[in-house]
Amino acid sequence: VRMGLAFLRSRGYNTRRVAIIGATALGSRLENAFIGMEWSGYRLVGYYDDRVDAPETRRLNNHQVNVIGDINKLIEDTKSGLVDTIYITLAMSAEHRIKAITERLADSTASVYLVPDMFTFNLLNSRWVDYQGITAISIYETPFAGLDSFIKRLEDIVLSMMILCLIAIPMIFIAIGIKLTSKGAVFFKQNRYGMDGEKILVWKFRSMTVSEDGDKVTQATQNDVRITPFGAFLRRTSLDELPQFFNSLTGSMSIVGPRPHAVAHNEEYRQQIQGYMLRHKVKPGITGLAQINGFRGETDTLDKMEGRIRYDLKYIQTWSLLLDLKIILLTVFKGFRNKNAY
Numbered sequence: 001v002r003m004g005l006a007f008l009r010s011r012g013y014n015t016r017r018v019a020i021i022g023a024t025a026l027g028s029r030l031e032n033a034f035i036g037m038e039w040s041g042y043r044l045v046g047y048y049d050d051r052v053d054a055p056e057t058r059r060l061n062n063h064q065v066n067v068i069g070d071i072n073k074l075i076e077d078t079k080s081g082l083v084d085t086i087y088i089t090l091a092m093s094a095e096h097r098i099k100a101i102t103e104r105l106a107d108s109t110a111s112v113y114l115v116p117d118m119f120t121f122n123l124l125n126s127r128w129v130d131y132q133g134i135t136a137i138s139i140y141e142t143p144f145a146g147l148d149s150f151i152k153r154l155e156d157i158v159l160s161m162m163i164l165c166l167i168a169i170p171m172i173f174i175a176i177g178i179k180l181t182s183k184g185a186v187f188f189k190q191n192r193y194g195m196d197g198e199k200i201l202v203w204k205f206r207s208m209t210v211s212e213d214g215d216k217v218t219q220a221t222q223n224d225v226r227i228t229p230f231g232a233f234l235r236r237t238s239l240d241e242l243p244q245f246f247n248s249l250t251g252s253m254s255i256v257g258p259r260p261h262a263v264a265h266n267e268e269y270r271q272q273i274q275g276y277m278l279r280h281k282v283k284p285g286i287t288g289l290a291q292i293n294g295f296r297g298e299t300d301t302l303d304k305m306e307g308r309i310r311y312d313l314k315y316i317q318t319w320s321l322l323l324d325l326k327i328i329l330l331t332v333f334k335g336f337r338n339k340n341a342y
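For the sequence shown, the tail end lands on 342 under UniProt numbering, and the numbers increase by one without skipping.
These are calculated hints, taken from the structure and not from any lab test. Take these hints with a grain of salt, some might be off.
Listed next, the in silico DSS-like pairs over lysine-lysine satisfying Cα-Cα at most 30 Å (straight line) [as the list claims (entries may be wrong)]:
#, residue 1, residue 2
1, 304, 314
2, 183, 199
3, 79, 183
4, 204, 79
5, 314, 189
6, 179, 334
7, 79, 304
8, 204, 179
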């Protein structure tokens with residue numbers, strides 16, 4: 001298996017773009033470990049340090065390393081796609097620096113690991129990873145790795161196909177109802193952030209007379225004049241979201257996960273809620289832990305959005321197949337009518 005992976009990754013397939021925070025001896029050892037694990041596909045972009053003002057070269061363990069820039073530069077490179085995995089190799093005595101750095105990195109979708117010497121955090125889905133005797137701790141990571149990733153995807157495929165078979169005829173009648181009661185297309189698609197912050201198109205039945213997908217999106221409110229009478233019924237019963245089972249079947253969404261927000265809302269709330277972007281370490285869902293706990297529909301206050309995010313992160317931290325099935329069952333009994341959905 002490793003020979004096959006090494007062959008594919010030596011040709012640029014399935015590689016990871018790695019950054020190391022801290023031009024330290026530990027960071028140099030980690031770099032050497034990656035070199036000895038060619039099959040793993042790690043490609044070092046370079047070192048970053050929160051105490052440098054400009055690129056510089058340092059000598060570590062008898063070889064030169066390039067320090068590309070500070071944490072601001074790293075966040076820029078992460079957002080531009082140059083870096084997708086980050087390792088922090090600062091000393092245990094730098095606890096306050098590490099905490100400050102991890103708080104900054106929460107506004108990204110990169111996978112972040114702490115290589116301790118030995119002090120740890122337990123922020124989001126923390127687990128130990130070994131690289132030829134060097135231990136790293138994941139700080140911000142998806143729970144869907146290895147077998148769990150296969151289980152989650154199989155769950156989505158099987159349940160989506162079953163549900164689509166059951167709702168095919170109701171969806172036809174809904175489409176007819178939309179065409180008979182208002183002008184415009186049957187379906188509405190909108191940009192959302194998917195897993196790791198990648199933009200995806202999310203499908204819904206059209207429930208409004210206008211569509212918004214720009215830099216500013218106004219949430220639907222009670223008695224919103226944009227909502228058609230038939231659309232109001234669809235939104236109250238969540239039937240407008242049935243086309244998202246096609247998203248789940250094709251893999252851009254999951255049946256259970258944090259609800260996808262409009263791109264404009266993401267850009268607004270990531271600046272106000274610490275760790276907001278961490279919800280993107282999993283695929284967005286049709287329903288989720290927040291929704292069955294009352295955080296569904298309009299989030300017209302910061303407190304409501306913070307409550308939703310708390311449940312989203314709790315779901316990521318505690319995911320299991322049984323939890324998904326529980327959320328699906330509770331959605332059936334609780335989610336098809338909600339006073340907060342306009």
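Results of checking the hints against the structure:
no.	hint	verdict
1	304 - 314	holds, 16 Å
2	183 - 199	holds, 28 Å
3	79 - 183	violated, 39 Å
4	204 - 79	holds, 28 Å
5	314 - 189	holds, 28 Å
6	179 - 334	holds, 29 Å
7	79 - 304	holds, 27 Å
8	204 - 179	holds, 14 Å
Violation of the numbered hints given earlier is confined to hint 3; every other hint is satisfied by the structure.
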